[in-house]
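Chains C and A are the protein sequences, given in the same order. The C-terminal residue of the first sequence carries number 505 in the numbering used here, and the numbering is unbroken. The C-terminal residue of the second sequence carries number 1505 in the numbering used here, and the numbering is unbroken.
Keep in mind the hints are simulated off the structure, nothing from the lab. There could be a bad hint or two in this list.
[What the hints assert, rightly or not] Using 25 Å as the maximum straight-line C-alpha spacing, the simulated DSS-like pairs for lysine-lysine come out as follows:
#	chain 1	residue 1	chain 2	residue 2
1	A	Lys1059	C	Lys211
2	C	Lys192	C	Lys495
3	C	Lys59	A	Lys1059
Number of protein chains: 2
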Amino acid sequence: MNHFSLDKYNELVSRLEELSRLGAVMGVLHWDQEVILPRGAVESRAQQMAVMAGILHDKGTHPELGELLDNLHASGASAYDPLQWCNISEAKRDYDLSVKIPKDLVQELAELGSRGHQVWAKAREENKFSDFAPTLKRFVELKTRWAQCAFPDLSPYDANIDIYERGMTVDKLTPIFDRVKVELKILIQRIKENPRTRDDSFMNGNFSIEKQTALGKRISTAMGFSFDHGRMDVSVHPFCGGAGPDDVRITTRYREENFIESLYAVIHETGHGLYEQGRMQEQRDLPVSEALTMGIHESQSLFWERMIAQGKPFCEAFLPAFQESFPSQLAGVVPQVFYEAVNACAPSLIRVEADEATYPLHVILRFEIEKGLFDGSLNVDDLPEVWNQKMEDYLGIRPPTDTLGVLQDVHWSGGAFGYFPSYTLGAMYACQFYDALLKESPAIENEIAKGNLQPVKNWLNNKIHSRGRLLSPEQLVQDVTASPLDPEVFIAYLKAKYETLYNLT
Amino acid sequence: MNHFSLDKYNELVSRLEELSRLGAVMGVLHWDQEVILPRGAVESRAQQMAVMAGILHDKGTHPELGELLDNLHASGASAYDPLQWCNISEAKRDYDLSVKIPKDLVQELAELGSRGHQVWAKAREENKFSDFAPTLKRFVELKTRWAQCAFPDLSPYDANIDIYERGMTVDKLTPIFDRVKVELKILIQRIKENPRTRDDSFMNGNFSIEKQTALGKRISTAMGFSFDHGRMDVSVHPFCGGAGPDDVRITTRYREENFIESLYAVIHETGHGLYEQGRMQEQRDLPVSEALTMGIHESQSLFWERMIAQGKPFCEAFLPAFQESFPSQLAGVVPQVFYEAVNACAPSLIRVEADEATYPLHVILRFEIEKGLFDGSLNVDDLPEVWNQKMEDYLGIRPPTDTLGVLQDVHWSGGAFGYFPSYTLGAMYACQFYDALLKESPAIENEIAKGNLQPVKNWLNNKIHSRGRLLSPEQLVQDVTASPLDPEVFIAYLKAKYETLYNLT
Chain C
1 MNHFSLDKYN ELVSRLEELS RLGAVMGVLH WDQEVILPRG AVESRAQQMA VMAGILHDKG
61 THPELGELLD NLHASGASAY DPLQWCNISE AKRDYDLSVK IPKDLVQELA ELGSRGHQVW
121 AKAREENKFS DFAPTLKRFV ELKTRWAQCA FPDLSPYDAN IDIYERGMTV DKLTPIFDRV
181 KVELKILIQR IKENPRTRDD SFMNGNFSIE KQTALGKRIS TAMGFSFDHG RMDVSVHPFC
241 GGAGPDDVRI TTRYREENFI ESLYAVIHET GHGLYEQGRM QEQRDLPVSE ALTMGIHESQ
301 SLFWERMIAQ GKPFCEAFLP AFQESFPSQL AGVVPQVFYE AVNACAPSLI RVEADEATYP
361 LHVILRFEIE KGLFDGSLNV DDLPEVWNQK MEDYLGIRPP TDTLGVLQDV HWSGGAFGYF
421 PSYTLGAMYA CQFYDALLKE SPAIENEIAK GNLQPVKNWL NNKIHSRGRL LSPEQLVQDV
481 TASPLDPEVF IAYLKAKYET LYNLT
Chain A
1001 MNHFSLDKYN ELVSRLEELS RLGAVMGVLH WDQEVILPRG AVESRAQQMA VMAGILHDKG
1061 THPELGELLD NLHASGASAY DPLQWCNISE AKRDYDLSVK IPKDLVQELA ELGSRGHQVW
1121 AKAREENKFS DFAPTLKRFV ELKTRWAQCA FPDLSPYDAN IDIYERGMTV DKLTPIFDRV
1181 KVELKILIQR IKENPRTRDD SFMNGNFSIE KQTALGKRIS TAMGFSFDHG RMDVSVHPFC
1241 GGAGPDDVRI TTRYREENFI ESLYAVIHET GHGLYEQGRM QEQRDLPVSE ALTMGIHESQ
1301 SLFWERMIAQ GKPFCEAFLP AFQESFPSQL AGVVPQVFYE AVNACAPSLI RVEADEATYP
1361 LHVILRFEIE KGLFDGSLNV DDLPEVWNQK MEDYLGIRPP TDTLGVLQDV HWSGGAFGYF
1421 PSYTLGAMYA CQFYDALLKE SPAIENEIAK GNLQPVKNWL NNKIHSRGRL LSPEQLVQDV
1481 TASPLDPEVF IAYLKAKYET LYNLT
């Protein structure tokens, strides 16, 4: 890089750092809103966030930034080191995405988003899909127009998928999801035909919230979460937020009668949190260090929740800690019983409550519906019937109401199409990552069984977290697992696990 | 206002609302930093706040804003309703203040401020005033230059006072403080010569923090603080902050061995909080609704802390609540004993720990020193000796170290000269306000003694909080009390109270 472009590159760095820090401020405001905002301040907080969003938009779409990026980008990758080039190309991607959307479309999407949420909440409460249908129709129209502006070379649904999982398309996902669907339908049917009665009465009782909180922090700490660079609090829906890698804030929620739900929510969110805390040490306010995609982020939470914490070695290692917290409730429970209890599999109506074997079918159902909405093969008005038919077909149960069916998820009320696949992509990535870890460190499960999770965290730090956006998701999976995304690994894992758990022969 | 200037006025409103909301965001960041920020995030939070400060500065000094203000201001007060005119003139005052200071001076003050705090903290820790002296000298120079830019018509110290208590000057303060000084020196001497042994052993014991917290919230609620529009949390130094009148956040700190300190800190900060929550209902993001000055703000906290909560009717009303929280520790304590205990008077070295009769002498000492520093009659190097001499003269005690003397306060380490008088102005305003309330509602103390604080809060809401910046402090005091600021009211109050308390004859 010559002197001239070094100056320009440094100017870009200043602008991007400013944007990143303003984004972190938004992170604080959002966390504050979800966790501790007085209820009378909701309106004024919305006004504050609107001002901040306006400033972020103005700075993120400033013509000087665009000119700078065009200039720097024109020199090509070879003119920069890989981190610099990543910053330039990531920033250019964001910038181009922002400026390509006409202002009236941005505004209409924002308005429909805030109105849509209320319309959906009411429709769900009243079990009236027809009240929500016009919003959904309008969102499909607007998001189609948005896609044509943002990614004219992609089909509209592919464009929507791309912002959550770049490079992923309907053509790539369809065969993968079809394989998963076929195999899981069979597996679930076999499980249904071989029910096991298990004693999981210990999972219900009275578990003090104070003790649940202490236990959650203990397990999160064992996973390697730094409470010097983060917090754990309570919110209605668990999430991981905060203000950058030094200030990672996870949340959970508590029910006195069940400690498992909250504990596994903590583990899940800690997985997200470790990704953020584990970002590369340098360039922390620049795009190169940021988390890669939603699918990869979800792979980190699910890695810890499912591959580790629902695994036998973890149950062996940490059951004593759980028993220390709740001695009377967990008296006499042995690791195998605990392991079986946290891995119960049964079809259910609600995605967020589904187990790991049925969850993908909830996602695939939504993927197929979204695909149909965007390619015109499905009408919004037909969704309730299509939904219920697919539920019967894939899981053998039929939602008695739309509230428990097509109206259950928040995503469409904000126009977030293309997000659902990330969940199952994350699960599949997690499974392949765990497979790779086992191959590299065959003794790792001995360490886990001793309660030593440090090598697991270090491996994820090195292989994934610290690599930021230097690789694409496809490159990352290939690099870490020496294989592309492969549904067979996921299918084999689930089959082996549940055949043993349910004595399927 | 004609159509043309209505458009301009509306543009001003938009710009001012944006500034106010950005200020509220800074309020959230500051509260978060003091209350819950993970310690590893201090550096990144500073960077986030620096970006926000830069944006606030850019927007607050934007030439278009200045032109708009000049334009609107040129029409004169008669062209607007009083609220509009107040917004225009307040905004113009702020704007002119910001743009009149050369950028290099702003930067040097900011740098010296952040370095100065560290230098001061170390010097205080090591009891080495000479290490802090160069910083203090430089601050006097810079703040003199600042004053010449900001208020060329005022003397440098008057200019420094003006930003905390507009319209107040050395010439007005000197005779007032001289009167207070003469009378309080005599009063304190008489108290010293008539010591009373009181049984305040109940004030020390073991008071669970959980119960202190519940009690604090109970008393704050009784005062009328809305927890739907605010919070109460814990910080190292109690303060009142947050993000505007819908989101007022007070803090306190707890010691297990003493519940009075924390409780009265809650009452003090609630007094500030009620001012903010009580702002006029309209125009909440515009200058007209903002709190008037530091002195008036302090009058609200001291009104509640001293005039109400250190008064007999309050002690009668709420002792049962305190005893409910701490039954064994407060068993057998009667209101008179409690009242005497919370009104003990004795000279002490540290301003923030001083009682209401000795506190003004701490302030006057600092006022006299600041005056001397700015008029050139005092050298920084002589401050320790001057300080100690005045302490002996006014309070009859001599600090054994500079740590317990001239180095005790944080204010000068940030160049905040002219702030100290606000504390005693606040105390005098509070006293006169209480006098006015008593005259208007002679039965008010019966209500207080019944624990009914609502009429007190309503009176303050109507007379002070909701009037924002429509009046100057002088006008407000005149309007509420039918008298100008008058030290005799304060002196008479203290004399009458302490002559009875200490049986002085």
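Assess, step by step, whether the Cα of Lys59/C is no farther than 25 Å from the Cα of Lys1059/A, and give holds or violated.
-> holds, 13 Å
When you check the alpha-carbon spacing of Lys192/C and Lys495/C, does it fall within 25 Å?
-> Distance ~14 Å between Lys192/C and Lys495/C Cα, so the pair holds.
Satisfaction of hint between Lys211/C and Lys1059/A, Cα-Cα up to 25 Å = Violated, because 49 Å separates the two Cα atoms, which is more than 25 Å.
This entry does not satisfy hint 1, going by the numbered hints stated previously; all others are met.
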